[in-house]
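Trainee: Work out the full structure, taking the sequences as your base and the hints as a guide.
What follows is the residue order along each chain.
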Amino acid sequence: MSAARRLLGQPWLWAWLGALAVWLATAAYTDGKGSGEVLSAALTFGAFFVIVALGQMFVITLGPGNVDLSIPACMTLAGTVSMKTMGGAAGMIPLGLALALAIGAAVGVTNFALIRLLRIPPIIATLSASFIFQSAAIWWNRGLRVKPPQPLADFTTAKIAGIPFIAILVIVLALVAHVVLTRTLYGRGVIAIGQNMRAAHLAGIRVERIRAATYILCAALAGLCGFLLAGFSGGAALNMGEEYLLSSIAVVVIGGTSVAGGFANVPGLWGAALFLFLLVTMLNTFGAGAGLRMVLTGLIIIGVIVAASGGTRKT
Amino acid sequence: MRIKAKATVLATVGAMAVMAGQGVLAETADKRIALSNNYAGNSWRQAMLRSWEKVTGQAVADGQVAAADAFTTAENQVTEQAAQIQNLILQGYDAIVINAASPEGLNGAVKEACDAGVTVVSFDGIVTEPCAWRIAVDFKQMGKDEVLYLAERLPDGGNLLEIRGLAGVFVDDAISAGIHEGVAETGKFEIVGSVHGNWAQDVAQKAVAGILPSLPEIVGVVTQGGDGYGAAQAIAATGRDMPVIVMGNRHDELTWWKEQKDANGYETMSVSIAPGVSTLAFWVAQQILDGQDVPKDLTVPFLRIDQDTLEDSLANTEAGGVANVEYSLEDAKGVIAGAM
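Chains as they are written, first to last, in numbering that gives the first Met the number 0: chain A, 0 to 314; chain B, 0 to 339.
In short, the hints are calculated from the structure, not lab data. We treat Cβ as the ideally placed atom computed from N, Cα and C, and that holds for glycine. Just so you know, not all the hints are guaranteed correct.
As the list claims (entries may be wrong) - Label pairs and their in silico Cβ distance ranges: (1) A:ALA306 - B:ALA73: 34 to 40 Å; (2) A:GLY288 - B:ARG239: 23 to 29 Å; (3) B:ALA314 - A:ALA306: 53 to 59 Å; (4) B:ALA115 - A:SER127: 29 to 35 Å; (5) A:ILE167 - B:ALA82: 48 to 54 Å; (6) B:THR308 - A:SER127: 43 to 49 Å; (7) A:GLY290 - B:ALA73: 26 to 32 Å; (8) A:LEU298 - B:GLU189: 27 to 33 Å; (9) A:PRO120 - B:ASN86: 27 to 33 Å.
Mentor: Structure below.
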């Protein structure tokens with residue numbers, strides 16, 4: 000009984016239940032035809048959501064007002080520059096990956112410099128910086144799509160026993176993030192800052208150092224996502240990051256992380272990412288029009304969030 | 000202001016008389032044309048801006064107009080573009096060429112421009128204000144052409160997958176309406192699935208990968224441009240037979256088509272609007288300033304690529320860009336004459 004109650008109290012449960020429910024509804028509609036393939040597609044595309052959402056989760060957990068809105072621009076810049084530098088050459092892949100991560104880190108440093116040195120609120124700082132990053136991406140290659148090296152494209156689309164390789168990779172990444180969040184000084188520091196920045200400071204936590212590391216981590220993950228997504232979809236495009244702005248926040252919140260900070264949750268990210276993809280797939284399969292689809296998406300997301308925050312939350 | 004303008008015209012006429020022997024187009028030599036553009040964040044728009052730069056730069060160098068400056072708003076917002084147009088009026092441009100963020104939202108600012116004596120020419124994203132000229136794309140016909148082509152290629156008909164654009168944009172509604180009209184008229188196809196690809200390869204790839212497993216066999220994919228390659232990737236990943244995917248003139252779409260053509264004789268067609276349509280709008284504005292009689296509604300020709308023109312088109316398309324043509328003054332005169 001108490002075990003069941005403890006399970007019901009898990010904030011990640013609702014996202015997973017939601018994902019399961021929409022998947023079953025889709026499968027029921029198509030008499031189970033192709034539901035395995037749908038799941039495989041959900042794992043692939045969910046993986047990209049999870050990469051950026053991991054970074055966003057750490058940032059949001061820092062407390063009220065902390066959010067990174069430069070993720071789409073950072074993805075585009077990292078994807079564009081790394082694809083152009085590699086120029087389709089397989090031998091350049093390590094350099095391209097390093098470049099994407101370095102661009103991400105530089106974006107994070109810029110964001111935090113604006114926040115810390117110029118004392119601009121994170122929402123404004125990251126949003127305005129994103130114009131600079133986006134313009135840099137336009138300037139770098141004027142929107143031309145450079146094809147990724149073939150081994151990178153093969154790597155991002157590979158499957159092992161029907162499970163996308165990239166999903167396995169991101170599951171491992173999520174496990175690492177979970178350990179970092181719950182078992183390391185850094186992770187506990189992020190949570191403590193989110194609960195009470197002043198108390199955290201008095202307790203001896205190097206608040207600003209941890210905040211800086213978090214913004215850099217978030218942008219580096221966005222850079223990684225841009226690199227992999229460009230490899231997956233046949234090149235970087237100027238608008239490739241567009242839908243990752245709201246999605247990254249939605250995945251974090253639906254996954255059971257507190258939007259007010261101080262409480263984070265990694266398992267919920269995967270549940271929420273699968274849920275979002277399967278929800279759109281379900282409504283597409285039902286043949287719902289775009290208007291109805293958006294209304295239902297909004298209503299269902301609200302429903303899951305309300306359900307997830309039903310009980311009093313213990314941190 | 001008016002008097003000054005009149006004096007300028009007189010001076011110009013005088014100059015014309017002097018230069019008439021040299022055959023220089025001096026009627027508009029002192030005219031300044033501005034481009035008000037609402038969005039630059041994809042490859043089509045980037046190509047559009049580059050075409051504008053190339054053609055108008057030459058026109059300025061040749062003394063056909065005094066200036067042709069391009070301005071792009073940062074946020075793709077109606078209010079922002081309206082403010083931009085008001086600024087352009089104050090800066091004294093003789094004509095404003097607009098790719099509008101909304102068909103109705105800018106009408107107030109456009110009316111102000113007309114009242115201030117500024118010629119307004121809208122293209123691609125047109126405005127409905129009657130005082131402006133419109134260089135419209137018959138998007139509905141474009142959608143219908145796709146289905147008519149498929150009807151010819153696939154006499155037995157079958158199931159189609161429709162990839163739509165960005166929900167809520169009139170272009171998406173118009174192309175889709177044309178596709179559905181074509182399906183109703185030919186009577187041999189059924190649209191079994193419809194997803195929004197937002198004119199982007201990665202979004203289309205994701206949406207198609209999601210819906211594909213639940214679909215029966217499909218013989219054709221009707222698209223809106225920028226989404227064909229993503230659809231091909233998603234379908235290839237499932238190991239299904241490759242349906243006829245109508246392409247949208249992007250370099251990656253044409254490259255993929257060429258690879259398939261060489262490998263297994265794959266046949267399809269590709270249709271879209273050349274980004275160089277901005278240069279057509281430029282010449283139309285120049286013609287209006289030149290005092291020519293130009294009908295208010297003009298139609299842009301499609302840029303269509305077929306099996307036999309694929310190689311040439313691909314060779315002329317910048318890697319990673321989109322198939323393009325730039326229009327000349329003669330082309331503009333032809334379009335104007337065609338609409339008379």
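Trainee: So which of the earlier hints does this model not fit?
Mentor: none
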